Amino acid sequence: MASAFEYAPAPESRSVVDIAPSYGLFIDGEFTDAADGQVFKTVSPSSEEVLSEVARAGTADVDRAVQAARRAFEKWSALPGSERAKYLFRIARIIQERSRELAVLETLDNGKPIKETRDADLPLVAAHFFYYAGWADKLDHAGYGANPRPLGVAGQIIPWNFPLLMLAWKIAPALATGNTVVLKPAETTPLSALFFADICRQAGLPKGVVNILTGYGDAGSALVEHPDVNKIAFTGSTAVGKAIARQIAGTGKKATLELGGKGANIVFDDAPVDQAVEGIVTGIFFNQGQVCCAGSRLLVQESIEDELLDSLKRRLSTLRLGDPLDKNTDIGAINSQEQLSRITALVETGEAEGADRWSAPCELPSAGYWFAPTLFTGVTQAHTVARDEIFGPVLSVLSFRTPDEAVAKANNSQYGLSAGIWTEKGSRILAVANKLRAGVVWANTFNKFDPTSPFGGYKESGFGREGGRHGLEGYLDV
Amino acid sequence: MSERSDRLSVFKTYKLYVGGKFPRSESGRVYEVTDSKGKWLANAPQSSRKDARDAVVAARKAFGGWSGATAYNRGQILYRIAEMLEGRRDQFVREVAEAEGLSKSKAAAVVDAAVDRWVWYAGWTDKIAQIVGGANPVAGPFFNLSTPEPTGVVTVLAPQESSFLGLVSVLAPVIAAGNTAVVVASAESPLPALSLGEVLATSDLPGGVVNILSGRTAEIAAPLASHQDVNGIDLTGADAELAKELEIAAADNLKRVSRPQAVDGDGDWSTDPGTRRLTAFLETKTVWHPTGALGASGSSY
Amino acid sequence: MPTTAPAFADATASDSALRRFLHGLPGVDAVGLEARAASLGTRSIKTTAKAYAIDLAISMIDLTTLEGSDTPGKVRALAAKAVHPDPTDRTTPHTAAVCVYPDMAATAVAALAGSGVKVASVATAFPAGRAALDVKLADVRDAVAAGADEIDMVIDRGAFLSGRYLKVYEEILAVKAECGRARLKVIFETGELSTYDNIRRASWLGMLAGADFIKTSTGKVGVNATPANTLLMLEAVRDFRAQTGVQIGVKPAGGIRTSKDAIKFLVLVNETAGEDWLDSRWFRFGASSLLNDLLMQRQKLSTGRYSGPDYVTVD
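So the sequences go chain by chain: A, B and C. Take the first sequence: its letters are residues 1 to 478, numbered as in the numbering used here. Take the second sequence: its letters are residues 1 to 301, numbered as in the numbering used here. Take the third sequence: its letters are residues 1 to 315, numbered as in the numbering used here.
In short, the hints are calculated from the structure, not lab data. As the structure is a computational prediction, the values presented were derived from the model and not from experiment. Glycine included, every Cβ here is placed at the ideal spot set by N, Cα and C. Do not rely on the hints blindly, as some may be mistaken.
Unchecked claim - Only part of the chain C face toward chain A is listed, based on derived beta-carbon distances under 8 Å: (1) G27; (2) L40; (3) G41; (4) T47; (5) A49; (6) A53; (7) D55; (8) N270; (9) E271; (10) E275; (11) M296; (12) K300; (13) L301; (14) S302; (15) Y306; (16) D310.
Said to hold, decoys possible - Okay, derived cross-link-like pairs now, DSBU-like style, lysine-lysine, Cα gap no bigger than 30 Å in a straight line: (17) A:K448 <-> B:K285; (18) B:K50 <-> B:K285; (19) A:K409 <-> A:K459; (20) C:K74 <-> C:K46; (21) A:K435 <-> B:K285; (22) C:K74 <-> B:K61; (23) B:K61 <-> B:K50; (24) A:K448 <-> C:K260; (25) C:K260 <-> C:K300; (26) A:K327 <-> C:K260; (27) B:K106 <-> B:K61; (28) C:K300 <-> C:K74; (29) A:K242 <-> A:K425; (30) A:K313 <-> C:K46; (31) B:K37 <-> B:K12; (32) B:K285 <-> A:K75; (33) A:K327 <-> C:K46; (34) B:K50 <-> B:K106; (35) A:K41 <-> A:K313; (36) A:K425 <-> A:K459; (37) B:K104 <-> A:K425; (38) C:K300 <-> A:K327; (39) B:K61 <-> B:K21.
Between the sequences and the hints, there should be enough to build the whole structure, so can you do that?
Structure, rendered in structure tokens:
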């Protein structure tokens with residue numbers, strides 16, 4: 001698609017971030033090797049370049065980290081809330097100061113475009129700490145009775161799609177309420193959590209309040225199993241979420257689970273069409289579609305289906321896929337070979353089952369993990385691509401005739417995380433929202449997040465809410 | 001490096017803070033401010049009713065922007081005030097010690113508490129709506145949501161005794177809630193308040209959100225209490241007699257009045273402030289919107 | 001030449017038909033529209049792309065003087081600047097046009113003869129448009145007779161806001177009839193239309209009535225061209241061509257003062273209407289101070305030094 005107006009490369013400078021060749025685990029305020037000396041490499045998914053080698057936590061390390069968190073808990077939970085607040089405000093400010101460095105780091109390790117890390121992830125991360133900092137000395141006002149108590153040690157396991165943002169969602173409310181934490185980032189994106197450990201040191205956070213264990217699922221499982229952990233917060237797949245729910249059965253551990261989704265984005269014939277097209281694009285192609293609340297099912301009213309699809313395809317043809325560090329890149333790399341294979345397999349299933357595939361005409365780089373923005377038309381509720389979470393830049397398009405049909409199809413899913421409604425008619429928005437079985441419903445917008453706004457799912461999308469006043473509950477003994 | 005004892009120091013000219021600028025009083029008058037032992041400290045501007053009028057104009061002009069800013073943005077700015085204040089801690093410890101006759105360590109505790117109070121209210125800007133607002137389950141097919149909104153321009157008569165912590169404790173909640181303020185500083189001890197203006201001016205707080213006047217409380221308060229473009233008045237700094245007079249004047253346009261509280265009088269500003277001062281100058285707006293059914297003839301699904 | 005695109009002949013058959021048509025256009029969500037414009041505003045245009053964009057922007061300027069104090073001398077100075085924007089660098093493209101009041105059109109035509117720079121004249125009792133139709137038409141005839149290549153008319157915002165769409169439509173038709181070979185730019189004064197829904201409706205109304213260009217504003221009110229209202233008008237010309245095959249130009253005017261701003265508008269053009277509009281025939285900037293900023297940026301690109309206002313000409 002050569003245009004007269006070719007944007008020259010506009011790469012964000014890598015020099016703002018200094019990645020060490022190796023990193024240890026962050027336990028009790030110190031970086032330390034794994035007890036058994038195991039390490040693993042983390043690569044940049046856009047180039048397959050090895051970025052660093054990090055320690056791989058094992059059971060012994062999990063135990064050490066939980067013990068450190070337990071030792072730190074007594075003092076931390078006894079601090080006046082106003083003092084805990086000031087630690088969190090410090091962290092929020094240091095994140096703001098170092099946000100460009102962290103944005104570049106996140107883009108390198110995750111593969112998502114700098115535009116997103118710079119304009120979405122990092123501002124939200126800082127805002128989340130800022131918001132929960134303010135709660136630390138106001139817990140009496142939060143609606144959970146006087147002097148609500150923390151739970152103790154929180155074991156937190158986060159995914160690779162928004163590494164630092166998911167860290168913020170987990171750590172900020174936990175610390176504000178007086179808990180201490182052991183957090184395990186995903187094995188493909190360990191770096192920003194390790195940089196966060198450094199921020200904790202700059203902020204003067206007492207040792208052991210935050211512990212970071214890089215590693216694989218075995219470390220996560222050991223953390224869930226550990227008898228001295230009081231709370232599990234997990235964001236990831238529904239399969240692992242169910243396994244965790246089984247693991248903690250009968251233990252008294254409290255859990256928050258943010259799991260998969262198959263969000264329906266419902267477009268009525270009286271929608272603001274140009275904005276709906278943008279919302280559909282944001283809904284499924286933000287972060288390469290690797291978003292649990294993605295609007296991965298487009299439900300469009302039949303009377304405008306052709307027109308909307310034409311507009312959508314035209315718009316998708318303008319998406320710029322490539323170097324995630326280029327400031328003009330809209331679509332970055334898929335996070336890992338494993339994820340790319342999963343997307344590819346599901347798309348093949350879609351084709352095999354007879355859905356019509358259309359992919360945006362864009363050239364894929366030769367190195368790294370890439371998938372062109374894709375949509376399936378002629379999809380019905382019976383197709384795999386309408387039911388399974390693909391977690392990639394793939395949109396399944398279904399049609400409907402009436403609002404009740406739209407709602408019935410939207411709700412016809414094991415998941416219930418998110419949904420979108422596009423219509424200029426206010427009462428239709430509210431009537432449809434009323435009937436949707438989803439934890440977040442966006443009307444005439446999509447994929448909006450704010451620290452004040454609770455987020456979480458119905459059904460197999462998990463339970464508990466993160467964000468807002470509601471997000472405190474998961475970390476309080478109430 | 002020790003200070004040269006023979007060096008003549010430079011005095012500061014204390015000025016009002018109005019509309020983001022530092023004017024002298026329109027009246028051209030000043031009055032002597034002394035420390036608790038009667039030693040001269042500075043000449044403070046003696047504000048007139050015209051200064052009060054100008055301050056209201058500035059506060060009204062700033063109201064749209066400040067009340068329309070996101071709560072997050074307001075919180076960031078209030079936190080910035082705390083940062084700036086912390087950086088000038090020594091100056092305020094000296095001024096508070098002189099103004100209130102406190103020892104250095106007691107004055108330091110007062111200033112620290114004032115910094116922390118800004119932090120406390122910085123955290124409230126984006127939470128108060130979640131505490132006092134919310135969805136109302138009306139018995140009908142309606143979405144019904146109540147949200148707090150700032151009432152407008154608020155006159156704040158700062159406490160006479162606690163010239164700094166008291167001042168911050170009454171001012172911060174008014175602007176945290178999104179109002180703009182005209183503050184009448186402690187008459188006897190206005191210097192910490194006037195210096196606070198310098199902190200506010202360097203904290204990203206838009207000009208006019210806070211306007212600080214010094215002078216005789218009754219003289220400045222009277223035109224503010226009767227002013228038809230002022231929406232609320234906090235009478236903390238008025239004695240019982242003046243408070244009643246002002247409350248009567250305030251009734252003309254039904255200003256929201258926050259009366260002096262028993263707790264304010266005993267001078268203990270260090271206790272948990274709660275939310276009373278936040279809600280004192282908030283209105284509640286309730287929005288109704290029909291929800292209705294999905295279709296005219298019931299669902300076939 | 002049909003006055004109305006045949007596909008929409010029914011839409012303009014009566015006042016009520018026109019109202020139904022305009023009110024049947026898809027709504028515009030303001031938050032989403034502005035977010036999209038802001039998002040395109042974050043595009044980073046560097047090096048070769050920037051050089052291309054700067055020259056393109058210069059070539060799209062309607063260099064404008066619309067003051068009560070305008071004189072032939074002022075207009076001749078502006079014309080000279082339009083032909084050779086940077087006297088120290090003759091590779092600089094000329095501007096698209098010089099835009100003046102009707103009584104200055106003859107002066108501008110004489111000064112620009114043979115230069116390739118067009119003469120645009122505002123007309124129809126610009127900027128308020130509050131005059132009788134025959135006065136407005138006489139204004140247009142004057143400008144056309146003086147040799148203006150382009151006529152920038154204002155719509156009757158009062159009629160539009162009170163829902164008399166057919167009156168607005170017929171007035172544009174009448175002006176168009178007086179234009180002869182001159183291309184017609186229709187100014188909506190988007191700042192007075194106030195809502196995005198109105199801007200979309202005005203865009204379609206103007207296009208149906210035969211506008212060659214749709215233009216945001218006069219530059220004489222508080223809110224003039226913005227990325228969002230220009231994006232909305234670019235969507236309108238894009239959709240109109242898709243449905244009728246007729247291509248129509250867009251001209252944001254007023255408030256665009258820096259190269260950075262201008263480049264953001266070119267990004268809007270590129271990613272909304274598409275590259276077919278990246279030409280002075282289809283996109284213009286109504287501006288005056290913008291030109292010098294573009295010239296300073298151009299000098300910076302060629303010398304590597306930041307330039308200053310003493311190194312571009314004052315007009």
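Note to self: Can you confirm whether the C-alpha distance between A:K313 and C:K46 stays at or below 30 Å?
What the structure shows: 28 Å, holds
Hint validity - C:T47 Cβ closer than 8 Å to any chain A Cβ:
The hint holds - C:T47 has a Cβ within 8 Å of chain A, the shortest such distance being about 4 Å.
- Keeping to a limit of 30 Å between CA atoms, is the pair of B:K285 and A:K75 held or broken? Since the Cα atoms of B:K285 and A:K75 sit roughly 43 Å apart, the hinted pair is violated (cutoff 30 Å).
Quick check on the hint: C:A49 CB to chain A CB, less than 8 Å?
4 Å, holds
Identify whether the interface hint at C:L40 stands, where standing means a beta carbon of chain A within less than 8 Å of its own. 10 Å, violated
Exercise. Does B:K285 lie within 30 Å of B:K50 when you go C-alpha to C-alpha?
Worked result: 34 Å, violated
Is the Cα-Cα distance between C:K300 and C:K74 30 Å or less?
Within the cut-off at roughly 28 Å; holds.
Is the straight-line distance between the alpha-carbon of B:K61 and that of B:K21 30 Å or less? Given pair B:K61, B:K21 holds - Cα atoms ~14 Å apart, limit 30 Å.
**Asked** Holds or violated: is there a CB of chain A closer than 8 Å to the CB of C:E275?
**Response** 5 Å, holds
Would you mind confirming whether the straight-line C-alpha gap from B:K61 to B:K50 stays at or under 30 Å? 17 Å, holds
Review point. Given the hint that C:K74 pairs with B:K61, does the C-alpha gap stay at or below 30 Å?
Key: 39 Å, violated
Checking one constraint from the list: CA of C:K260 to CA of C:K300, max 30 Å. Satisfied? The given pair, whose Cα atoms are some 14 Å apart, holds under the 30 Å limit.
Consistency with the previously given hints fails for numbers 2, 3, 7, 11, 12, 13, 14, 15, 16, 18, 20, 22, 27, 29, 32, 34, 35 and 37, ordered from lowest to highest.
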